[in-house]
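With the hints as constraints, model all of the structure from the sequences given.
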Amino acid sequence: MIGFDAVLRLIGDLQAEELRRWIAERWVRPESDPQGYVFHEVDVARVRLIRELRYELAIDEEALPVVLGLLDQVYSLRRHLARLHAAIDEQPPELRAALRARLGEEKGGVG
Amino acid sequence: MTARNPYEVLGVKPEASEEEIRAAYRKLAKKNHPDLNPGNKEAEARFKEIAAAYDIVSDKEKRARFDRGEIDASGAERPEHAYERYRGFAEGAPGERYEFHSAEGMAPEDMDDLFAFFRGARGGAAAGERGGLKLRGADLHFSLTIDFLTSITGARQQLSLTDRTLEVTIPAGVRDGQILRLKGQGARGINGGPNGDALIEIRVAPHPFFRREGDDIHLDLPVTLAEAVLGGKVTVPLPTGSVSMTIPAHSNTGRVLRLKGKGAPRGDGSSGDAFATLKVVLPEGGDPELAKFLRDWAPKHPYDPWRGMT
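Chains A and B supply the protein sequences, listed in that same order.
Residues in the first sequence are numbered consecutively from 960, following the working numbering.
Residues in the second sequence are numbered consecutively from 39, following the working numbering.
Since the hints were made in silico from the structure, they are not lab data.
Incorrect hints may have been included.
Stated by the list, open to error - What the simulated footprint calls covered on chain B by chain A, stretch by stretch (three residues with Cβ under 8 Å from a Cβ of chain A suffice, anywhere in the stretch; the number is not a length):
#, segment
1, 72-81
2, 311-317
Unchecked claim - Partner residues aside, some chain A positions facing chain B, computed with beta carbon under 10 Å:
#, residue
3, H999
4, D1002
5, A1004
6, R1005
7, E1011
8, A1017
9, L1027
10, L1030
11, Q1032
12, Y1034
13, R1037
14, R1038
15, E1053
16, L1058
17, A1060
To be verified - To give an idea of the interface, some chain B residues facing chain A are shown, with a C-beta separation under 7 Å as derived from the structure:
#, residue
18, G133
19, Y136
20, F138
Beta carbons are placed, not taken as given, at the ideal position from N, Cα and C, and that holds for glycine.
Shown next, in the form of structure tokens:
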């Protein structure tokens, strides 16, 4: 966990004012404590991602929330899918086989 | 693996302008950015290649050195990103900090339901649901061959399975290849889930006289020479019953007569039509009197059936 200035130093090539705006827009959501913002690793990675989207992929600030919203949906779905997958793995073989059959994956035989 | 020529990677000419190169890079990067393609290893590899190529040709000095042959395509390869990408976090528990909520804006309603299912699961399943995931049984597929007449009139038929017999109601006018769904007659549900359905594909055996085209029925109707020349009433045996039809005088082989509403029922009360194609049939084994008549017959109006074929 690192603070606001440390993020700027780590990322480089990013103005404090800009990062503040991203936070205000809630594109990045660090925690706060009395000393200021606290960035987790995921927040830092997200700042990097937004910087890449903005400047390397030239996605402007109008389109950015749309892109981030869709990305958040994709990752939410993928996390849920991963949990579903893990839950299915814990089920009895009969149920797993029924699921495989339903999903049309039986062709490969015993896997 | 030797690195590919960076211009080739970006799909630009070696003399491309900086602007062209930037545009090409953006286009490719948007398509292959790993955070935009979670779980796609190929996109990640391609993105690395694209980024490495862009790293060379976007830098004036490096590009010049590459063009002069001082460095090869991999010579200036960008060091691996020393940090972990967003998706490395977003795919796991840390990503839950950016969990998508419909309050943020854009989730369609069915997606909301989907998330609600997981939220409910997370909160701990209700006592009655602890037995495991309720699942709908699989659909079972069968095929049932029926004869042509049954396909027009409809019927109830038994379909024997290994463990039970299904009573299948075949609707009048059913088509070849049509699939009937018997709700709840498929595989049993799991953990109290609903049963699947039985899906029965109908195969209609061909008929020696009748052909189906859409909702219409076609048949060849044999007529005698006298009926063809003089006209008359004939009885046409159709799948839905016999009907009488008037053949106009002087009807040649190949003439098509329509019997309105005598085709296959459509299910909405209406029906297709039946089409009878006349086929003049001479008396079997020959008829000496007819032969004699024709020998003596000198037509006042000779005709040439080949007219139009030459």
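Hint by hint, here is what the structure shows:
no.: 1; hint: 72-81; verdict: holds (count 4)
no.: 2; hint: 311-317; verdict: violated (count 0)
no.: 3; hint: H999; verdict: holds, 7 Å
no.: 4; hint: D1002; verdict: holds, 7 Å
no.: 5; hint: A1004; verdict: holds, 4 Å
no.: 6; hint: R1005; verdict: holds, 6 Å
no.: 7; hint: E1011; verdict: holds, 7 Å
no.: 8; hint: A1017; verdict: holds, 6 Å
no.: 9; hint: L1027; verdict: holds, 8 Å
no.: 10; hint: L1030; verdict: holds, 7 Å
no.: 11; hint: Q1032; verdict: holds, 5 Å
no.: 12; hint: Y1034; verdict: holds, 4 Å
no.: 13; hint: R1037; verdict: holds, 6 Å
no.: 14; hint: R1038; verdict: holds, 6 Å
no.: 15; hint: E1053; verdict: holds, 8 Å
no.: 16; hint: L1058; verdict: holds, 7 Å
no.: 17; hint: A1060; verdict: holds, 6 Å
no.: 18; hint: G133; verdict: holds, 5 Å
no.: 19; hint: Y136; verdict: holds, 5 Å
no.: 20; hint: F138; verdict: holds, 4 Å
This entry does not satisfy hint 2, going by the numbered hints stated previously; all others are met.
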